[in-house]
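> Sequence:
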Amino acid sequence: MKILPALLALSLAAPAISAVEQNFDLGDGVSSYRRFIIYPHLQKGFASLQRGDDRRAITEFEAARRLAPGNATIALYLANAYERAGQPDRAEVVLEEARRQTPNDARVTQALASLQGLKAGNPFDDEPELASAPPPAAESAAQPAPAAPESAAAVDCTQQQTPTCRAIAGNAALRAGQLAKAQAELDDAEFAATPEGVALRRALVQRAIYLKDWSRAESQLAVLKSAGQLRANERSQWINLLLAQGRLGAAQALLDEGGVRAQDQLAYAQALARQGDSAALGRYLAGTRPAFSAAADETQWMGLLRQTKRDELYAGYAPRFAANRRDQAEVLVPKLLAKGDDASAQKLLDQLPADALLAERFALSLKRGELPQAGRQARALLRERGNDPALVDSLSYQLIQTGGAEQAMHLLLDGYPFTDMPPLRRAALQQRLALLINEHPALLSETDKATLSRPLDTVGQRSRQAAMFGGMKDCKQVRTLLGDLSPAYDQDAWMRLGDCYREPAPGLAQYSYAEAELRGAGSDATRALAYQAFAAKDYSSALQAWQSLPQDELKPAELLSAATTAVSAGDKVAAHRWLDAYAAGEGKQDDQYWSLRAQSETDPVRQREALERAIDLHPEVGYYLSLASLQSDAGDFKGALDSLKCAQALQPDDPETQIALGYAYWRAGDAAKAREMLEQARRHYPDDPAVIQQLVYANQRLSDNRNARQYARQVIDQLNAYPQDEKTDEMLDQWFGFRRLHEDLGRRWTFSAGAFSGTNTGGVANAAEPGTAYRSYAQVEAAYRLGDPPIRNGRTLEAYARIFAGSGDSNNGYDALPIYSPMLGAGLRWKPFGERTFYLAAEAQTPLDRGGNGEFDYMLRASASLLNDGRFSDDWHESGRGWLAQNLYLDAAYYIKAQRTAATADYRLSYHKKVFSKAQTVEPYAHVQYNLTHDDTGDSTDFRAGVGVRWNFWYGESEYDAYRHKNSVGIEFQHAFDTYLDENNTVFLTFGGIW
397 MKILPALLAL
407 SLAAPAISAV
417 EQNFDLGDGV
427 SSYRRFIIYP
437 HLQKGFASLQ
447 RGDDRRAITE
457 FEAARRLAPG
467 NATIALYLAN
477 AYERAGQPDR
487 AEVVLEEARR
497 QTPNDARVTQ
507 ALASLQGLKA
517 GNPFDDEPEL
527 ASAPPPAAES
537 AAQPAPAAPE
547 SAAAVDCTQQ
557 QTPTCRAIAG
567 NAALRAGQLA
577 KAQAELDDAE
587 FAATPEGVAL
597 RRALVQRAIY
607 LKDWSRAESQ
617 LAVLKSAGQL
627 RANERSQWIN
637 LLLAQGRLGA
647 AQALLDEGGV
657 RAQDQLAYAQ
667 ALARQGDSAA
677 LGRYLAGTRP
687 AFSAAADETQ
697 WMGLLRQTKR
707 DELYAGYAPR
717 FAANRRDQAE
727 VLVPKLLAKG
737 DDASAQKLLD
747 QLPADALLAE
757 RFALSLKRGE
767 LPQAGRQARA
777 LLRERGNDPA
787 LVDSLSYQLI
797 QTGGAEQAMH
807 LLLDGYPFTD
817 MPPLRRAALQ
827 QRLALLINEH
837 PALLSETDKA
847 TLSRPLDTVG
857 QRSRQAAMFG
867 GMKDCKQVRT
877 LLGDLSPAYD
887 QDAWMRLGDC
897 YREPAPGLAQ
907 YSYAEAELRG
917 AGSDATRALA
927 YQAFAAKDYS
937 SALQAWQSLP
947 QDELKPAELL
957 SAATTAVSAG
967 DKVAAHRWLD
977 AYAAGEGKQD
987 DQYWSLRAQS
997 ETDPVRQREA
1007 LERAIDLHPE
1017 VGYYLSLASL
1027 QSDAGDFKGA
1037 LDSLKCAQAL
1047 QPDDPETQIA
1057 LGYAYWRAGD
1067 AAKAREMLEQ
1077 ARRHYPDDPA
1087 VIQQLVYANQ
1097 RLSDNRNARQ
1107 YARQVIDQLN
1117 AYPQDEKTDE
1127 MLDQWFGFRR
1137 LHEDLGRRWT
1147 FSAGAFSGTN
1157 TGGVANAAEP
1167 GTAYRSYAQV
1177 EAAYRLGDPP
1187 IRNGRTLEAY
1197 ARIFAGSGDS
1207 NNGYDALPIY
1217 SPMLGAGLRW
1227 KPFGERTFYL
1237 AAEAQTPLDR
1247 GGNGEFDYML
1257 RASASLLNDG
1267 RFSDDWHESG
1277 RGWLAQNLYL
1287 DAAYYIKAQR
1297 TAATADYRLS
1307 YHKKVFSKAQ
1317 TVEPYAHVQY
1327 NLTHDDTGDS
1337 TDFRAGVGVR
1347 WNFWYGESEY
1357 DAYRHKNSVG
1367 IEFQHAFDTY
1377 LDENNTVFLT
1387 FGGIW
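Okay, so the sequence shown: first residue is 397 according to the working numbering, each after it adds one.
Simulated from the structure, these hints should not be mistaken for laboratory data.
Here the structure is a predicted model, which means the values were calculated and not measured.
Built from N, CA and C at the ideal position, the CB exists for glycine as well.
Check each hint, because a few of them may be wrong.
What follows is a set of in silico ranges between Cβ atoms, one per label pair, in the way DEER data are often shown [what the hints assert, rightly or not]:
| no. | residue 1 | residue 2 | range |
| --- | --- | --- | --- |
| 1 | 482 | 752 | 16 to 24 Å |
| 2 | 486 | 586 | 14 to 22 Å |
| 3 | 881 | 933 | 18 to 26 Å |
| 4 | 1106 | 1234 | 27 to 35 Å |
| 5 | 1277 | 1324 | 44 to 52 Å |
| 6 | 500 | 439 | 37 to 45 Å |
| 7 | 872 | 948 | 34 to 42 Å |
| 8 | 1373 | 1310 | 19 to 27 Å |
| 9 | 1012 | 946 | 54 to 62 Å |
Subject to a maximum C-alpha distance of 27 Å in a straight line, what follows is the list of computed DSSO-like cross-link-like pairs (lysine-lysine) [as the list claims (entries may be wrong)]:
| no. | residue 1 | residue 2 |
| --- | --- | --- |
| 10 | 1309 | 1227 |
| 11 | 1123 | 968 |
| 12 | 1314 | 1293 |
| 13 | 577 | 621 |
| 14 | 577 | 608 |
| 15 | 731 | 743 |
| 16 | 1034 | 984 |
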């Protein structure tokens, strides 16, 4: 059987050392993850070798090699296991394959040469003791013993005892576990000094360690040391051997000799830690500065430093590796920051890359007030940790707490709308962003606003969006986000919507506050509803809102607002109650209080007293206006006028005062001053219908018909602007009334005609001669209004001329025609009262038929038409389907030459039913009439009644003038109850017209 001294050295050394440290150096070609899954197989393999279970060891090493097929160290472990199990051929196959995969690995080449009995080149030179090397176990496995000399194949060991033959014999003894026999070969000093002897001694050391023959291993290591042949890895093994036996003093002595590796110092420190001697450990760590070549070893050393609980030791250590410097900073920086040693913390951070320990850098920046830098670090930290929701929450909160609202806002905007976060966290962050925007709206860019304005999916998210734009006073966007009026919105959302609807849509604002109030009665929503309903003049809703609040919870200002609402709603009892509570709460009894007191009183005297107290405390225009109203109601027009003058003195240009003064002067009969005030008010309210209408009447009263007609046209234009279906009856009647006034103020000529013809003699109202009975009668008249203007506040003076004729005296059928005794009447007619239909006339009557019965005479006449104005007039009514009319006509005349007096009194009641097309009525009527004549023969009386029906039609209207013309045709039956005539009953056909 062939022998491989180097492989035996490997096989003897590796298990022993692994039992001590369990450390395998697989080289840089194996990743950390791969090591993680390989190490358990190696540990189980070496454990199986220790138990003598070679088959299980081979299985584990094969599994390890499958995970890292190109690793030379694992190949050496597997070859060793095959050789131990008596399968050198399989060991040779493994080594051949390993040599192909790693041709430059001297360990594999040397082991294969030894297995084949060949020398694979010059033996390795011994390395300096102070040289840095891998960890002990791995190095002992990696360093092969020298191979046999080249002449070994030609030597016959049965005949000669060459160094090679003695090495073969010694290795055979080691393989058989006969350590004493192998050591006996080394008793020959000459052989022991040869390379083969040195190699055998090293193999003996490894086998002794494996078999736990500690004393033999130590003695051989001592020989190597005394010969100056002790390698660094062997010194490490010796130290570990002593540490494993608990002989820390001996290990310390070896360490003190120098030339030790950092791993040895680490092993000694670990031994001290295992003994629990913290003081000794601290002293050793404080006085030792190992130069580690592996970051993992340095990590363990730093762990021991922390174990001492002496922060100065850990802080005083200067790590060589970046990862360990980072670990040290992670431990020390928070402590330094807590102590206030910012400079030391910054010094540690300066040794690391800028993106290392971002959390600590962030904390330090916050502490220093470097908010822009803290904001950048926070955003970098979030990128590093994948926008962790909890971290977003924590970082933004810390920024806010240290005054970094801008940085917190941008940090939250980066993650908005937090879609991937849990709902509760998302809601909290959106709420936090909304609060920041409310406090700092100017920090948002237009791009930010565009991002925030995109409506989100749920009502809760849109509510929080609206909160953001509410803070920016962007009501348009709030209305866009909440404009669906979803019932799922909470109270805050409805409140916000109400705030944003107050100006453009007061009704929707009130609705929004009402919805908010439903979600929290008795809160600010109830108060907002009360104020908004009052602003929208919905006083009942406002009053209801105030009444739903406990009175003792109302502040003084709110009590006054509630009282104001109650006054506006007409609930003086509630107003009185709230004002009493205000006074009982020692509220300031200022002018506002007394003004409300006046409005809440039912006694006019107390009202005036309260208003006068308000004026004494603080004269205001409104108070004077209210006082003037009370004075006017009491008939004290002079006092009202004086109050209004005081109001005007306070605010000469106040249009409300000017309007009130205008009406006051009107009531006082001073139309000129009324017009002056109303004209001034019109400059402020050029389109106020009431002012313009009053100016029509003022100019009419002042006989300024041109301006009266001009203002009438403005009123008509305003009324024409309304759609027809929106005009009320009142508006329709106003429209017709102002058109009639416009027409009447412009009229000079009036032409009229009237006629009737009956079966017998009868009487009609407004006849040519009062008190005179006719069977038939006809008249035409032309009248001309004199003066400029032609009508002066309803007063007129007319020059007129008329021709009239009646029926004949015989029973001839032609006598029924109104063609007999024609007369020409010419005179003056005066209407002295503007608002009364009363006329005085003087007329000269001349017969046109010289052969008739007529005689020249002078007639003085007085006539009046009563109860026939307004809605009872016979003029056209624009509203309704018809109207009731009445007229009490009184007429008296005195004929100077004939010395005859005639009088008529006629009362008529009728109903105008609108028919056919526009401006036509059918008018059924009834009337009673009393006639009286007095002459030198005595008195003649006639009392009769009549019923009839007329068809009336009006025409000749224009844009601003009402119908100028009216025609009537009718039939009437009369019955005389008491008459001086021969017939009691008659039927008339009537006709009338005016143009």
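> Any of the earlier hints contradicted here, and which numbers?
1, 2, 5, 6, 8, 9, 10, 11, 12, 16
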